[in-house]
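Heads up: the sequence lines are chains V and S, in that order. Note that our numbering numbers the first sequence so that position 139 is 436, with each residue one more than the last. Note that our numbering numbers the second sequence so that position 294 is 300, with each residue one more than the last.
Derived from the structure by calculation, the hints contain no laboratory data. Predicted model, so just to flag it, every value in this text is computed and none were measured. Check before you lean on any hint, since a few could be wrong.
[Unchecked claim] Among chain V residues calculated to face chain S with C-beta under 10 Å, some are: (1) Pro398; (2) Glu405; (3) Tyr550; (4) Ala558; (5) Gln590; (6) Asn670.
Backbone N, C-alpha and C define an ideal beta-carbon position, used for all residues, glycine too.
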Amino acid sequence: MRRIYVAAALLLALAGCSSEKEGTSTPGSGSGNTSTADKGGCTPSPEAQQAYEAPWTQGAEAFGIDKLDVTQLSICSVDTAKYKKEPTDGSYRIALAAQGPTNSWAAENEAAFQAQAKAKNAKVLYASANGDATKQVDNIQQLASQKPDAMVVVPMGPGIVGQIKAATAQGIPVVACAGQLPDNSGVVSTVTRSYDLQGKLWAEWVAKQIGGKGRIAMISGIAGVPTAEFPKAAAEKVFADKYPDIKIVSKQYDDWSPTKAKTVAASLVSKNLDAIWSDSSFTALGVYEAYTQAGKPVPPVTGDASNAFLKAVQGKDVKFALSPFPPELSSQCFDTALDIVQGKPVPNFVNVQAPAFTNADAGEYIKPECSDNLWVPATLPEAEQKALKLC
Amino acid sequence: MTAVQTARLQRLGTRAAPLAGLGAVIVLAAVTAPGVFGTDNLRLILFQAGLIGITAIGQTLVLLVGGIDLSIGAVIGLTTVIVASHTDGDGSALPAAIVLALLAGLAVGGVNAGLVVLRRVPPFVATFATFVLVQGTITAATRGAPSGDIPKALAPLGADRIAGIPVPLWVFAALALVVGAVLARGAAGRRVYATGANPRAAALSGIRVPWVVAAAYLISAALAVLAGLVDAAYVGHVDAQLSRSLNLDSVAAAVIGGVALTGGEGTVTQTAIGSVLLAVLLVWMLELGAGAGGQLLVEGAVILLAVWLQRRGQATSGGG
Numbered sequence: 298m299r300r301i302y303v304a305a306a307l308l309l310a311l312a313g314c315s316s317e318k319e320g321t322s323t324p325g326s327g328s329g330n331t332s333t334a335d336k337g338g339c340t341p342s343p344e345a346q347q348a349y350e351a352p353w354t355q356g357a358e359a360f361g362i363d364k365l366d367v368t369q370l371s372i373c374s375v376d377t378a379k380y381k382k383e384p385t386d387g388s389y390r391i392a393l394a395a396q397g398p399t400n401s402w403a404a405e406n407e408a409a410f411q412a413q414a415k416a417k418n419a420k421v422l423y424a425s426a427n428g429d430a431t432k433q434v435d436n437i438q439q440l441a442s443q444k445p446d447a448m449v450v451v452p453m454g455p456g457i458v459g460q461i462k463a464a465t466a467q468g469i470p471v472v473a474c475a476g477q478l479p480d481n482s483g484v485v486s487t488v489t490r491s492y493d494l495q496g497k498l499w500a501e502w503v504a505k506q507i508g509g510k511g512r513i514a515m516i517s518g519i520a521g522v523p524t525a526e527f528p529k530a531a532a533e534k535v536f537a538d539k540y541p542d543i544k545i546v547s548k549q550y551d552d553w554s555p556t557k558a559k560t561v562a563a564s565l566v567s568k569n570l571d572a573i574w575s576d577s578s579f580t581a582l583g584v585y586e587a588y589t590q591a592g593k594p595v596p597p598v599t600g601d602a603s604n605a606f607l608k609a610v611q612g613k614d615v616k617f618a619l620s621p622f623p624p625e626l627s628s629q630c631f632d633t634a635l636d637i638v639q640g641k642p643v644p645n646f647v648n649v650q651a652p653a654f655t656n657a658d659a660g661e662y663i664k665p666e667c668s669d670n671l672w673v674p675a676t677l678p679e680a681e682q683k684a685l686k687l688c
Numbered sequence: 007m008t009a010v011q012t013a014r015l016q017r018l019g020t021r022a023a024p025l026a027g028l029g030a031v032i033v034l035a036a037v038t039a040p041g042v043f044g045t046d047n048l049r050l051i052l053f054q055a056g057l058i059g060i061t062a063i064g065q066t067l068v069l070l071v072g073g074i075d076l077s078i079g080a081v082i083g084l085t086t087v088i089v090a091s092h093t094d095g096d097g098s099a100l101p102a103a104i105v106l107a108l109l110a111g112l113a114v115g116g117v118n119a120g121l122v123v124l125r126r127v128p129p130f131v132a133t134f135a136t137f138v139l140v141q142g143t144i145t146a147a148t149r150g151a152p153s154g155d156i157p158k159a160l161a162p163l164g165a166d167r168i169a170g171i172p173v174p175l176w177v178f179a180a181l182a183l184v185v186g187a188v189l190a191r192g193a194a195g196r197r198v199y200a201t202g203a204n205p206r207a208a209a210l211s212g213i214r215v216p217w218v219v220a221a222a223y224l225i226s227a228a229l230a231v232l233a234g235l236v237d238a239a240y241v242g243h244v245d246a247q248l249s250r251s252l253n254l255d256s257v258a259a260a261v262i263g264g265v266a267l268t269g270g271e272g273t274v275t276q277t278a279i280g281s282v283l284l285a286v287l288l289v290w291m292l293e294l295g296a297g298a299g300g301q302l303l304v305e306g307a308v309i310l311l312a313v314w315l316q317r318r319g320q321a322t323s324g325g326g
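Kindly produce the complete structure, drawing on both the sequences and the hints.
In structure tokens, the structure reads:
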């Protein structure tokens, strides 16, 4: 009899397991506001402000959007004099609390960081979280105990804030990379591509495709993961505030799995949708596959930019708009950390520049000879691409 | 009423409950989400029933001999990775890739069988360990980014339809017929039931229990390979996020159908009902827009209900 209970409990445990697949894009977290160690040492910087707005301008132009409502953040320049250090034995020691190579995005993310560190002659102290916030708490603690000159964290969730504060209290400057943390986290700088930017860009493009009127579905990655929830919330706000005639027929999650994406999309085929808002190219790929298999025209669809999707839709009549979340942004995270330990002022928020593009320009970005796993436009050095069998 | 009659009535209850459950779910789905049985959704339901069903047949065999196989999801993932990396989209390399995947799957099944039969490791520990081990191996070997493409030649297995019905369902139906017939009429079937019901008595009556148990794990692994091929064919791309949920689905389908977790009791028909019920649930939840949380909640509730009903039946009959 006891065996039944054990088995039932195990089933429930498995159920929990299966809902926790790691994301493609790194889960970050936060309120959408920037966070700085101390606001007192942060002076307004028109230059940083301009850099923040540049990706918005590029995205709006690429997608043909007239009025893109830029999310206002107080961008400033952080005085890092107190973190200034001399390198030990000629090289700085920078810690990387990474996601861990659980998918191609993360693998490229780490390779880009290592490559940049090598180019700048810095030593990397590395820890992998395997996509798990709990594991990352230990990682940060363990990395901090090795007294690095600076630490870069690819945040797995808001649960790590306590450890980040502790590291900061020890005088270690922390950079949040590819994700946002709550205001009080104490990070010196956040380097990522704005979630609001992504969500709004995709939403405005969808609205434009269907003339501000029609039936759409929204498909996001993992429920509760900031990389999925923040763009979604931003997009929902755009639809609610500006386009009362757009009806969101269905909102779904697909765990950023092409298989689940195709299953979800297959359940939408009969709903006469005019467009599909999605936050990843895994989803876009699933949408393409499901509609094609059902023998129906593929509705306009959005996502980030993977080579797999571009290869699948090459030469096909599919309208899409992609805004990348480039894994290589970690090299900018490294640069920011290096600036900090050299006492150079850094922006409190770096909005990563990456070209958004539509089906009209896809030819410039597709790499037919490279792996499906490559994220475009790939800026990773060729040697690293080869090493990861990406190209 | 005699004890025999009571037992018969209970068995009838166990058999009829899943069917009644399926009927209730279908009615509820049709009422709350009218679009759920449109052509496209119906195809999706049939496809999912086929995919879940293929893994659930293997799981049923393992459950019947008193075990449980939690490594199914890992074998499915392993299959996709092997097919993608070995063929890289080249159809001519497909047969070799399938053989390789089958060998790898059987190796996993063999390890499961070895641990359970030779070392007497509790099945859920043994198979969960191999699950984690295989997942780890995949992640380490591919660095989370399995390379390669799925050959187009494989596509018909997952994406085509025969007489309007998705191929995976035909595959499942054929397998269910064969396995069902063997279990119901064959000598092999009797050995399976005897082993699950009382391994010691089975051994005393001359059944080679270890071989029966080992065969169940090997067949389960082989069917997981087949499910992996179907899944790869369906989506046409390598999916690094794939397949943990199919572990749960395969056990759930069998349990919902009324296959006893204690071994020795259950039929493939019951598992088939469970598979269809799960598939309807899945598409119904999608149609309602319930999200991952809602889907798992409902699935969990249905499993608990099924186990609870089973337990009650056994408690009153003094077994268990």
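Restraint check, 10 Å cut-off on beta carbons, for Asn670 of chain V near chain S: holds, 4 Å
Chain S contact restraint for Ala558 of chain V - C-beta distance below 10 Å: With a minimum Cβ separation of about 8 Å from chain S (threshold 10 Å), the hint on Ala558 of chain V holds.
Interface hint for Tyr550 of chain V, Cβ within 10 Å of any Cβ on chain S: Constraint on Tyr550 of chain V satisfied, holds at 5 Å.
Interface hint for Glu405 of chain V, Cβ within 10 Å of any Cβ on chain S: holds, 8 Å
Cut-off 10 Å, beta-carbon criterion: hint that Pro398 of chain V touches chain S: Where the cut-off is 10 Å and the nearest Cβ of chain S is about 4 Å from Pro398 of chain V, the hint holds.
Gln590 of chain V as chain S interface residue, shortest Cβ-Cβ below 10 Å: At about 5 Å, which falls below the 10 Å cut-off, the nearest Cβ of chain S leaves the hint on Gln590 of chain V intact, so it holds.
In terms of the numbered hints stated before, the structure departs from none.
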